[in-house]
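> These protein sequence lines map, in sequence, to chains A and B.
Those letters in the first sequence? Residues 1 to 115, per my numbering, in order.
Those letters in the second sequence? Residues 1 to 109, per my numbering, in order.
For the record, the hints were derived by calculation from the structure and aren't laboratory data.
Incorrect hints may have been included.
Unchecked claim - Calculated cross-link-like contacts (lysine-lysine; reagent style DSS-like; alpha-carbon spacing at most 27 Å):
| no. | chain 1 | residue 1 | chain 2 | residue 2 |
| --- | --- | --- | --- | --- |
| 1 | A | Lys41 | B | Lys101 |
| 2 | A | Lys20 | B | Lys70 |
| 3 | A | Lys14 | A | Lys66 |
Stated by the list, open to error - Far from chain B, some chain A residues (derived; all Cβ distances over 10 Å):
| no. | residue |
| --- | --- |
| 4 | Gln6 |
| 5 | Tyr36 |
| 6 | Leu44 |
| 7 | Arg111 |
Quick reminder that beta carbons are idealized off the backbone N, C-alpha and C, glycines included.
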Amino acid sequence: GAVVSQHPSWVICKSGTSVKIECRSLDFQATTMFWYRQFPKQSLMLMATSNEGSKATYEQGVEKDKFLINHASLTLSTLTVTSAHPEDSSFYICSALTRGIHGYTFGSGTRLTVV
Amino acid sequence: SQQGEEDPQALSIQEGENATMNCSYKTSINNLQWYRQNSGRGLVHLILIRSNEREKHSGRLRVTLDTSKKSSSLLITASRAADTASYFCAGGANSKLTFGKGITLSVRP
């Protein structure tokens, strides 16, 4: 079945630095990728939708200059958290739109801790 | 914005009992999906029910959908300790999934 590989699974960074999270579709072409953020004991909040070769569409309240999304190829989408602050500490999950039975394949998530 | 409101938000049952989780949603959907998440891990898709379906089964899972009430329920029968996890409903529309708040299920051995 469809697999989305997300890396890293966890990362600790210092305030002010940038962190890049990658999601790769391993055996299919992901024309559309969704990026979610999940705070502890809360639900997944959609941050943005990226389509290969075009600019991402951000949800209301999500800073596009802080959360840079690149979807330059059909198998790779990246989320870069720029100038990270402790309040950006969260669990970030990507999801690729697929043609499978349920239509979405999720990555395994990245736990970001900003110290 | 979040789509669904699950209830109860936390459920603790004994192994072997059935667990019923409910979800209500606000906007129109094409389908409703249930996912499971173990602590700190990614999501596992459990079951999808389309907006023109009323009930669906998959193994020990049974999901219902009432579009007139904008609600869905997930029943896990004969629960196991390994079913301990958080469960989310998500409404699918226009290729987007909007998640509810989630229910934490604890199954005591």
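> Evaluate each hint against the coordinates.
Against the structure, the hints:
no., hint, verdict
1, Lys41(A) / Lys101(B), "holds (9 Å)"
2, Lys20(A) / Lys70(B), "violated (38 Å)"
3, Lys14(A) / Lys66(A), "holds (16 Å)"
4, Gln6, "violated (8 Å)"
5, Tyr36, "violated (8 Å)"
6, Leu44, "violated (4 Å)"
7, Arg111, "violated (7 Å)"
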